[in-house]
Every structure is written in structure tokens, then in C-alpha cells.
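Use the sequences and the hints to build the structure in full.
The lines below spell out each chain.
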Amino acid sequence: MSEPFLIGDSMSGGYGKGPNILHNCTVAVDKGQIAVIVGPNGAGKSTAMKAIFGMLNVREGAVRIDGEDITNLTPQDRVAKGMAFVPQTNNIFTSMSVEENLEMGAFLRRDDISGTMAQVYELFPILKDKRRQAAGELSGGQRQQVAVGRALMTRPKVLMLDEPTAGVSPIVMDELFDRIIEVARTGISILMVEQNARQALAIADKGYVLVQGTNRFTDTGAALLADPEVRKSFLGG
Amino acid sequence: MDILNAIVVLANYIFVPAMTYGSQLALGALGITLIYGILRFSNFAHGDTMAFGAMAVILATWWMQSLGVSIHPLPTALLALPFGIAVTALLLLATDRVVYRFYRRVKAVPIIVVMASIGVMFVLNGVVRFIIGPNDQNFADGARFIFTAGDFKRATGLDEGLALRSSQVITVLAAVALVAALFWFLNRTRTGKSMRAFSDNEDLALLSGINPERVVTVTWLIVAILVTVAGTLYGLDKSFKPFTYFQLLLPMFAAAIVGGLGNPLGAIAGGFVIAFSEVSVTYAFKKVLGYLMPENLAPDTLVQLLSTEYKFAVSFALLVLVLLFRPTGIFRGQSL
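Quick mapping for you: the protein sequence lines, in order, are chains A and B.
In terms of the working numbering, the first sequence opens at residue 1 and continues consecutively.
In terms of the working numbering, the second sequence opens at residue 1 and continues consecutively.
Calculated from the structure, these hints are not laboratory results.
A couple of the hints might just be wrong.
If the Cβ cut is set under 10 Å, some of the chain B residues that face chain A in the computed set are [claimed, not checked]:
| id | residue |
| --- | --- |
| 1 | Ala197 |
| 2 | Asp203 |
| 3 | Ala205 |
| 4 | Leu206 |
Cβ coordinates follow ideal geometry from the N, Cα and C atoms, glycine included.
Structure representation (C-alpha cells):
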């Protein structure tokens with residue numbers, strides 16, 4: 001079996017000089033697929049994501065994209081390698097307009113970005129109506145759309161989302177998940193951390209249940225949803 | 001007639017001087033607010049940087065005057081501005097390289113950088129006095145007045161005169177042009193937008209691939225332009241004395257904070273709020289009231305709220321009021 005497109009392979013590490021938070025943790029995603037990391041609070045879900053994006057020290061293990069080792073690259077260099085990251089909070093430029101947010105997402109690109117911008121507006125039509133409005137004035141769900149749109153502007157190969165549905169209403173959450181599936185259909189791999197485990201696993205090709213910084217269960221989303229032990233411990237029955 | 005006379009007196013002693021002073025403060029406060037928004041510290045060396053910029057312009061002006069270069073009726077200093085800006089830009093970039101970059105790299109807390117900037121302030125303070133001396137310097141030439149009070153009286157037949165000095169007109173025009181150019185740059189160009197993005201959300205700007213060192217360099221260059229122009233205009237309008245520029249630090253900071261730190265629009269509004277308050281609180285309204293009130297009610301005293309020696313108290317009082325009641329300033333900037 002060939003290696004997945006993006007893989008954080010047996011990672012152990014922590015923030016700065018602090019203790020290890022991840023212990024031999026493996027997370028991967030294949031082309032055009034959706035991988036979801038779930039688990040209880042403090043399981044190291046976001047930490048695993050940040051490790052893959054180069055925001056903490058990976059002391060053992062490696063991060064590879066398309067077979068290339070990128071363990072020692074800075075987050076900025078990983079953006080150039082085709083990774084895009086949407087943080088959980090502070091993920092938009094609040095004082096700038098929606099359109100300027102998208103422009104800043106494409107800052108590294110020197111070519112014509114109008115095509116990509118049109119694609120983003122097609123995916124999130126509401127943003128087109130509000131493109132001149134300051135992003136900070138939008139609702140929670142719309143802000144998340146801006147954040148995802150900004151990340152898509154680099155035309156990434158992998159989109160990493162840290163709890164994209166945190167703090168939005170259930171209706172908006174369903175809508176966001178639909179959009180995320182649409183993004184995946186265009187061939188972009190999606191790796192996300194989610195609190196709403198049940199809904200997230202339902203759309204996941206691959207699910208990772210982390211506990212205390214290490215892999216507890218790894219399977220397809222559907223299989224994890226069907227697993228009685230996973231249901232009992234993590235999905236509330 | 002009395003009402004017209006009162007208006008003319010107000011225009012001559014409050015409106016025109018406050019517009020001029022406000023423009024100078026606005027340019028200075030813009031520099032402070034940009035540095036605060038992007039480098040994230042309060043630059044106490046700003047006043048003395050202004051003195052340095054003005055000094056560089058003065059030296060170039062004297063040199064040009066000695067060569068007989070002139071753009072009469074405009075002051076030669078305008079011709080010397082680019083030279084002054086270039087020298088100030090070099091100074092600011094060198095300071096950044098030698099002092100501030102280190103604190104950025106170790107991610108020092110803002111108060112440490114502020115302390116460093118006070119150190120820079122003392123050094124610049126000394127450098128300026130060492131080069132040009134602590135005394136008043138005169139470098140204004142060209143036409144002094146657009147029209148004098150006498151011209152105005154003869155033309156209108158009013159008892160009161162209104163004088164308009166060319167330095168005042170130049171100040172306001174230059175400030176408007178510079179502010180327009182700055183806003184165009186910040187809102188329309190890629191580099192300008194990246195500066196706003198960096199000021200808004202540093203982490204996300206880094207994730208988007210914005211190069212922080214480039215943003216910082218461009219910021220210092222803009223500050224060099226703003227500070228040199230402001231310093232030169234102030235010197236043309238009043239006179240150049242290093243200590244006065246140091247004293248401008250308080251009204252400039254007050255303007256930036258009153259308007260909302262980190263918000264360019266706020267810096268401009270704040271500049272005018274401070275200037276108009278300072279000028280009108282220290283102005284003696286006896287003459288104006290004499291025109292407006294019936295004769296038997298005309299005041300005997302000067303009707304001056306504060307004597308001019310206390311003008312800095314006005315900035316300070318406004319600063320305290322704003323920090324107490326609206327800490328983010330008029331135009332919602334970052335709170336302190």
C-alpha cells in the first residue's frame with residue numbers, strides 16, 4: 001500500500017521546551033479525502049494538527065507530504081508546499097473587508113487570483129454579497145466561511161481545519177460540512193479536528209480517535225461510528 | 001458688523017492656528033499610531049526623531065541657500081525635504097537594525113521595547129544638540145504672508161484683521177496631500193494591505209506568507225516621511241528648537257490615543273481635537289465676547305481658561321479623560 005498524501009508519522013513532541021504532549025501519534029490523509037481527528041478534551045487533537053503544520057517541536061517521527069520530508073520546515077514554508085491552515089480562533093482579519101481577507105490569503109501568489117476568488121465566491125455565495133464589508137462585522141458562520149475561503153486562496157493541496165464549527169449553530173454547522181465535502185470533491189485533501197464527533201465522522205473517509213496524545217482507534221468514519229466501544233466512550237452511546 | 005468682527009478674531013487666533021497645529025500633530029500622531037499598530041510599542045523617541053528629521057532638512061536648506069538655490073515664493077526647505085527624509089529613513093532603519101530588531105527576535109514584551117525607545121530618545125536628543133545646538137534656528141525663507149492683517153482690513157473694511165501666513169497654507173496642503181497618499185497606499189496597494197493585515201492579526205499574516213521584516217522596513221520608511229515633513233512644517237510655522245520637539249511628544253501621543261491607537265483615521269481626528277482644545281482653552285476670549293455681548297455685559301477680565309504656559313495640561317487632561325471613559329479612543333483603536 002502506498003503512503004497517504006500527507007502523513008504525520010509516529011509523532012512525539014510538545015510546545016517549546018515543555019513535556020511531550022503527543023506520544024507516537026500518527027495522522028494521515030489521502031488525496032481528495034476527509035480525515036477527522038476526534039477525542040475528548042485535552043486529547044491533543046489540535047496539538048496533532050499543529051504538529052503537522054510545524055507549530056510545535058516534533059521530537060520523534062516525521063511529517064511527509066507527497067513523500068517529501070517536511071518535518072523541519074516553518075509553517076510559512078509549508079504554505080508554499082501546498083498546505084493551508086485555518087486556526088480555531090482569530091482566523092480572519094477583522095478590520096479588513098471580505099475581499100481583502102481573500103487577497104491576503106493569496107499574498108504569496110504573483111499570478112492572477114481572480115479565478116480562485118470567483119471559485120471561493122461560488123462555494124460561499126454569501127461572501128460575494130458581503131465582499132466590501134469588514135469581516136469582523138459578519139456572523140460566526142460567515143466568519144468561518146471567510147476563514148476557509150482565505151485558506152483556499154493559495155490553491156492548497158491540503159486544507160487543515162481546527163474545529164471549523166466551534167461556536168456556530170447546528171444549521172450553519174450542517175451547511176459548513178456540506179461545503180467542506182464540496183471542497184474535498186475538487187481534489188483537496190481535508191484534515192480537520194472536530195468537537196462534534198458524530199457529524200464529523202459521518203462525512204469522514206478516515207477517523208482518528210486520540211486519547212492523551214496517542215492513537216486509540218483508527219478506522220473509516222463509518223466503521224468508527226458503528227464500533228460499539230467508540231460509541232460508548234466517545235459518542236455518548 | 002460686530003458678529004463679523006468676532007468671527008474674524010476667532011478665525012485669526014483660533015481657527016487658522018489650530019488648523020495648522022492640528023495638521024502638524026496629525027502627521028506626528030500618524031507615525032506613532034503606525035509604529036504602535038505594526039511594531040506594537042509606543043515609540044518615545046518619536047519627538048526627537050522629528051527634531052532629527054527637521055535638522056537634516058535645515059542643514060540641507062542652509063546648504064542650498066548658500067548655493068543660491070531658491071524656489072521663491074516657496075521656502076527652500078520644501079526642496080530640501082527629500083534629502084531630510086532620506087537621512088531620517090537611514091537613521092530609523094539603522095536604529096531598527098541595532099536596537100529594535102533584537103527585541104523582536106527575542107519576542108520582548110512591549111514595555112521593554114518602550115524602555116529601549118526611551119534610550120533611543122536620549123541618544124537622538126544628544127545627537128541633534130551635538131550637530132545643530134540647543135538654540136533656536138531660523139531657516140524659513142520665501143514669501144511670509146499670503147495676506148497680512150492690514151491687507152485684510154483694507155480689503156474688507158472690518159476693524160479686525162485676519163492674517164494668513166504662507167507656512168500655514170503650506171502646512172495644511174502638505175498634510176492633506178500626505179494623508180491622502182498614505183490612505184491610498186494602505187487601502188489600495190498590496191504592500192499597504194499587508195501592513196494592515198499584519199497590524200490586524202500578526203499570526204494569520206504570517207500564515208498567509210506576509211514577510212514581517214519587509215512590513216517593518218516599509219513602516220519605518222513611511223514614518224520617516226511623516227516625521228520629517230511634520231517636523232519641517234512645524235519648524236517653518238513656528239521655529240526649530242530641539243527641546244520644543246521633545247515637548248511635542250505629549251500632544252502627539254495624546255492625539256494618537258484620543259483618536260484610537262493603531263487607527264490612522266483616529267490619529268488625524270485626535271490631532272485636530274488636541275490642537276483645537278489646546279488653542280481655545282489657552283485663548284483669551286475678552287475681545288470676542290466684547291463684540292458679541294451687549295456693552296454693559298462685556299467682560300473686564302481676559303476670559304482665558306488657562307494661561308499658555310499650561311497648554312500641555314490640556315493634552316494631558318484630554319488623555320486622562322479618554323483613558324477613563326473611552327479607553328479605545330474616538331475611533332475604536334486598540335486599548336492600552
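Each hint, compared with the structure:
With a cut of 10 Å, the hint placing Ala197 of chain B at the interface with chain A holds, because the nearest CB-to-CB distance is about 5 Å. A least Cβ separation of about 7 Å between Asp203 of chain B and chain A falls short of the 10 Å threshold, and the interface hint therefore holds. Proximity of Ala205 of chain B to chain A holds as hinted, the smallest CB-CB distance being about 7 Å (cut-off 10 Å). About 6 Å separates the beta-carbon of Leu206 of chain B from the nearest beta-carbon of chain A, less than 10 Å, and the hint is met.
The earlier numbered hints are all upheld by this structure, with none contradicted.
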